[in-house]
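*Asks:* These are the residues of each chain, in order.
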Amino acid sequence: MGEAQDEAMTGAQRLLSGPVAVVNVGLEGFAAELRQNGVEAIHVDWTPPAGGDPKMAAILSKLGV
Amino acid sequence: MERIETANAEALARMFAAEPVLADVIPAREAMPGLKDRMILHAGPPIGWERMCGPMRGAVAGIIVFEGWAADLAEAERLAAAGGVEFHPNHHLDAVGPMTGMTTVSQPVMVVENRAFGNRAFCAINEGLGKVMRFGGNDAEVLDRLRWLRDTFGPALGAAIREKGGVGLKAIIARGLGMGDEMHQRNVACSGLFLREIAPSLARTCGDREALARALAFIAANDQFFLNIAMAMGKAIMDPVRGIAGSTVVTAMSRNGTDFGIRVSGTGDRWFTAPVEMPEGLYFPGFSAADANPDMGDSAIVETIGLGGFAMAAAPAVAGFVGAGAPSSAATFTRAMGEITLAQNPEWTIPAADYLGVPSGIDIRRVVETGIAPTINTGIAHREPGIGQVGAGVVKAPMACFEQAVMAIAEELGVA
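Going down the list, the sequences are from chains A and B.
Position in the first sequence (from 1) plus 3 gives the number in this note's numbering.
Position in the second sequence (from 1) plus 2 gives the number in this note's numbering.
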């Protein structure tokens, strides 16, 4: 257990110790902030299906979307 | 769902198989047997006098005087308010009309035949720019122009079109897309191409040289002359797509200045309506957003067939004119509309966008899923009657229309 934790920490440390490349999904403001701070960020223009309305999303799913 | 995919494939096949031809210009009473005296066809979904916006009321009063049903505008308004005229949408009688969309018995209408399916659609003649009835204008100058269109220009244009055996429209649109038109806010190229097509026949059939010169000059001076032809063409293309069980393709989008309405193939002729939105755009000198009326007109039929805002990539100049951003961003609109449509038109392609076909077949499911509303290029009328056009802009179709339509089609298919 302890060994696994050590490995995870090592992975997280490794992730942030060098240059970070970010794929940002959803709110574009996060990507913009990162870019302003010199961090490479690719923005994916995405919103939840049907504006996040679960009932409508379920109906769309039944309609083949 | 396979049933929907099959139905939508049929809808697209019918759209692309259409053969629209401008075949004639005849009085509306001859074109539409259901159109009677004291009946006024208007743009958009059904609406009565009490809910009509200012420019629509102005146009109604003007057309009543034009038809001789009242002596002046004040009497015309009283007549309309008292139920002395019947109101129906143009769409209910195979017609369309820009902005206020007034169509009455004695007006000449252009007839577009869809020769692949045998149906016809109608639209009045474009009056030109400035103070005109489609923007709510109703003074003596406006009514005099309508009389000239009825008595002189309409019959002359009809004779020329008949002499020519009709004017095929698909090829004109295809060329226009390569010349900077999107056929809603820019019809400069198509109006010129149409003039080239019809001028020789007009010269042969018009006996009066002065009348001929005035007719030619009228078309030449009106960059939007072709809009009404494109609208009738759109209606002629989409009408055979109506009533395909299970299809989620939009067959009409239309606004009356109060409500926005759509019709969907799989739900027949039912309207799905929501309050119409305000266009965002640019205003002529001396006017501002405070003067603007909410969006209006049957002209969104051109977006329904993939033109107008959907073909913005073809018309970078329009992006600037309607305040939609830099000309270089025009293609963004067309690509966004690709997200909510089923296919690209194989014959109507946009050279400026690497021959991208115009996005065709608006799918209500995709609109609701993506949250991307159809973009419509539009003129902006003054909110008071009698003033006319004050600008041009872009408007979004209200999402609520599409949500209602999705629910209705789900009920229709038993999956609600």
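Just so you know, these hints were derived from the structure itself, not from any lab.
Please note that the accuracy of each hint is not assured.
[Unchecked claim] From the structure, some residues in chain A lie toward chain B, with a derived Cβ separation under 7 Å: (1) V42; (2) I45; (3) V47; (4) T50; (5) P52; (6) G54; (7) G55; (8) I62; (9) K65; (10) G67.
[Said to hold, decoys possible] Covered, in the sense of this in silico footprint (three residues per stretch, anywhere, with C-beta under 8 Å from a C-beta of chain A), are these stretches of chain B: (11) 361 to 371; (12) 407 to 415.
The beta-carbon is built from N, C-alpha and C at its ideal position, and this holds for glycine as well.
*Asks:* Hint by hint, work out which the structure violates, then give me just those numbers in ascending order.
*Replies:* 1, 2, 3 and 7
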